[in-house]
Amino acid sequence: MSAVAAEGGAIVRIAGVSKSYPGVRAVQDVTLDVVAGETLGLVGANGAGKSTLTRLISGGEPPDGGHLEIDGERVALRSAADGLRQGIVLVPQALTVVPNLSVRENLVLGLERNPRRAGRDLDADLAEVVVQVGIEDVDLGAPAGGLSPAVLKLLMIGAGMLRRPRVLILDEPTAILAGAETERLFAIIRALREAGQTIIYISHRLPEVLALSDRVAVMRGGRLVGTEAGKDTNIDRLAELMVGGVVEQARAPGTAVRAQDAPVVLELDGLARHPKVRPTSLRVHAGEIVGLAGLVGAGRTSLIRTLCGVEPADAGRVLVDGRETTPRSVKQAIAAGIAHIPEDRARLAIVPRLTVAENVLLPDRRGGRALGWLPLITPRRQRAQVAETLAQLKIEPPHAAGLPAGGLSGGNQQKVVLARWLMRRAKVYVFDEPTEGIDIAARAQVHALIRELATQGVAVLLSSSDVEEVALMSDRVLVMRQGAIAAELGPGAISETAIGRASLGADAPAEAVAPATGHDVVSG
Amino acid sequence: MTYRNRLGPLGVPAITLIIIVVFSLLSSDFLKGDNLQDILRQSALPLIVAVGLTIPVLMGDFDLSIAAVAGFATTVVSVMIARNGLSLPVGFVVLVAAGIGIGVLNGMLVSYVGLSALVVTIAVGSILNGLEFAFAGNEQIGSGYPQGFVDFCRSDIGPIPTLFVIALGIAVAVWVLLERTATGRNIRAIGGNMEAVRIAGINTTAIRILGFALCSGLAAVAGILYAGQQAVAYPLNGLNVLLPSFAAVFIGAAAFKLGEFNIPGTVVGILIASIINNGLLLIDVASWAVYIFQGVILLVALLFARAVAGGRAPRGG
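So the sequences go chain by chain: U and C. Following numbering that gives the first Met the number 0, the residues of the first sequence are numbered contiguously, the last one being 523. Following numbering that gives the first Met the number 0, the residues of the second sequence are numbered contiguously, the last one being 316.
Hints in this document: simulated from the structure, not taken from any laboratory. Do not take every clue at face value.
List time: in silico DMTMM-like cross-link candidates among lysine to aspartate or glutamate, alpha-carbon distance up to 25 Å [unchecked claim]:
| id | chain 1 | residue 1 | chain 2 | residue 2 |
| --- | --- | --- | --- | --- |
| 1 | U | K330 | C | D150 |
| 2 | U | K275 | C | E194 |
| 3 | U | K330 | C | D283 |
| 4 | U | K275 | U | D260 |
| 5 | C | K256 | U | E395 |
| 6 | U | K426 | C | E178 |
| 7 | U | K330 | U | D320 |
If you're wondering where the values come from, they're calculated on a predicted model, not measured in any experiment.
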C-alpha cells in the first residue's frame, strides 16, 4: 500500500493549525498532509495534543490559528457534522454505542440525513460493511448492550465505514482490548487499508503503530516533532522523538527494601465509603512510595478523598504515626499532616483568578505571614514568602508569583499545587493523577520531586491510571478493583503488564501478582 | 483580545465622561456645586448597600433582599425611635443585628441547605415587606425623630456630605477585608473555584454565610441612616436601591480589575448610576422614564461586564 501512498495526493492538508485552552497550548502550528490511501500513525505521550488535533481535523472544535484544506480547497469546519459531510469520520476512543438500540440501529444512527449517502442502497452497504469489519456473525436485531468491548469497537468502526469516509480516524482503538481482541482488530484494519481506505491511526503503543502505518507522525507538547516513514523507523527512534530526550530511570531497587523496615507513617484500618470503597486496609512506611493502580472507577479516587477528609468515611480508621486521626473534614486531615494533591487540578485545586502566591498560600488560615500585630496580608509579603519554593520548583515564568494562576500552563499549575503542600511540610503526601495532561518535561520534574519527598522520609501514596507512571515510580503497588484492594505487587514483581492484568482481574502468573493476603493488605 | 484590553481600562471612564458632557449640555444646572453635592448625597446610602452586595456577588451568590432589608430597617427603626421614643443606639444595634440575622438566615438556606440564592432572597424579601407593614401599621411616621440624628445625617464635612464620607469609609474597610485578609482571599477564591477552596481545607459554607450577613448588615445600616436623612417613614417606601446596586456592581466588574467584581469599581458604578438618575431629574423626564432608564442601565452594565470578561466571568445566580 505504501506505493499508493507515495503516488496519491494529499486528501487533507493541515496547515499551521493551533489550539489553546486556558493554561495549555494544546496544539501549536502543526502542518501535516494526509495522503490518499495511506495509513498515517499519530503517536505521542499523554497530553502531547493528539486528541486535540483530531478534533480540529474532524470539525469537533475550530482551530485558533491555521486552516484545513480538503482536496486542495480551504475549508472551515464548524461542527463534527461539517466534518462528516466532508468525509472525515472520527471513531473515538470511548465506546459511544447506544446500548438499548439494536446493532443495526447503532450502525445506521444519523445516516438518514447524510448527503454523502444520497441515492445509495443502505441495506446493500450494510451487508458489505458488516463483512468488512468482521461482525457478520452478530445478530443485527439484538441490542448492542450485550456485546463484548471488542465487537462494540468493530461496530463503531463499521458505523464509520458506512459513511464512506475519505479519512477514517481511529483514536486509540486498542485501549480497552485484550490481546486476542487486538489481533482481530488489526486484521480488520489491515484489510481496510488493502482496500484503499485512508486511515489516521492514533495510539501511544508504538509496536502496533509501527506494524500498521505507512508513515508515523510524532507529537510532543502540542507540536509535530517528526514524520517518519514506517519502513525507515523503529521503536527507539519514535520513543526518543516522543519524549524529547527525557528518559526517566526507575528508583534504585535498594530503597524499596529499606523502606519496608522504616516505621509505618500512614495506616488505613478498614476504611470504607459506601458504595465506592469497601473496607480497605493498607500501610505506607516512611520513605516509601506506594502506587495505587486500577481502572478508572475502581475506587482509587474515592478512597483518597475519604482518607483526605473530602468525603466522610462510613467505617474504619486512618492513623498517622500510629495516632488515630480519621478526618471528618479536610481541615482535620491537614492538621494530621496529610497533604492531598487531587486529580483534575483545574477543577479541584487551582483558583484561576487568584495570584500564584495566593494559590500557594490557600490552605494557610492567615493567608500568609501577618503584618505585625494586624491580621493583614499584602501581595508583596505573600510573593516573598513563596519565592523560594517557586524557584525550587522552577515554575515558569520566574515572576509568576504575582500573576493569576489561570494563565499558567498545566504543568506549571500542577507545580503551584505541589508548592502549596511542600510549604506545609506534611507527613503523608497523597497524589491523585499527578501528571495528568502535563508535558513530558514537567512530568519528569514532578516525578523527581515525589522521589525527593520520599528520600526525605515522608510517606507517599501515588494513584494513577497511567500504568507506566505507577510502574516507574512505585516501591510497592496496590491494585484496586471494584472498590477494594485486589492485589499487591512487591519490589521485583512490578511491571506494566502485571499491573494491567491485575487491574482487569485477569489471571496472572503467581510470581507476578501476589494474592491479597500480605500483612500490609487486608481487603474485603 | 486586543479590543477587550482597550475596552476595559478606558471604557468606564470614557462612558462616565460622555454622560457628564451630555447632561451638562442638556442642563446648565448639572455642573453647579450644589448639584454635584446632591449627587454625592444621593450616592451615599446606595453606595453602602452596593459595597455590601459586592461581597456575596463575588462568591456567585445574588442577594435580591437588599432593598427589603434596607426598607425594613428604615421603617422599624422609625417605629422604635420616633414613634415609641426608644434611644437611637438601641434602635441602631437592634436593626443592625436584625440585618445580620437575616443575612445569616439567607446564607444558611443557600449554602448549608443548598437552595437557590435568587429564590431564597426573593422570598425573604417578601417576608420582610410584610413584617415592615405589620410593625408600622398603615400610617406614616413623620415626627419624633431625634433632632441630633437628623442633623447629623443631613450635615456636610466641608463640601462633602457626612453620609458620603461614612459610605467611603465603609468601602475602604470592605476593600481591606477583601484584599488584605485571609477571609477576603477566601471570598474571592470561592467565586473562582469553590470546590478547590473546600479541598484546600477551608469552610466554604461559613464564608458564604458571612458574605450574606455582611451584605444584609450593611443594607440595614443604610436603611437606618435613610430614616435619619428623610425624617419620615412609610412602609414599602424605602431606599430605591435594588437596581442601582446591581448596576453598580456589574459596572464595577468592567473597571479596575477587569472581569472581576471589585470595590473601587462598585464605587465608580454607584456614582455613574447616581449621575444618570440626577441628570434625568434635572432635565425633567417623566417619572416613568426613570424606571426604564434604571432597567436599561442594569442591562448595559451586564453586557459591558460580559464583554470585558470575554464571556467567562462574571456570572452568578
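Right, here's what the structure says about each hint:
1. U:K330 / C:D150: violated (50 Å)
2. U:K275 / C:E194: holds (20 Å)
3. U:K330 / C:D283: Given pair U:K330, C:D283 is violated - Cα atoms ~59 Å apart, limit 25 Å.
4. U:K275 / U:D260: Between U:K275 and U:D260 the Cα gap is close to 32 Å, so the pair fails against 25 Å, i.e. violated.
5. C:K256 / U:E395: holds (23 Å)
6. U:K426 / C:E178: violated (32 Å)
7. U:K330 / U:D320: Distance ~18 Å between U:K330 and U:D320 Cα, so the pair holds.
Violation of the numbered hints given earlier is confined to hints 1, 3, 4 and 6; the remaining hints are satisfied by the structure.
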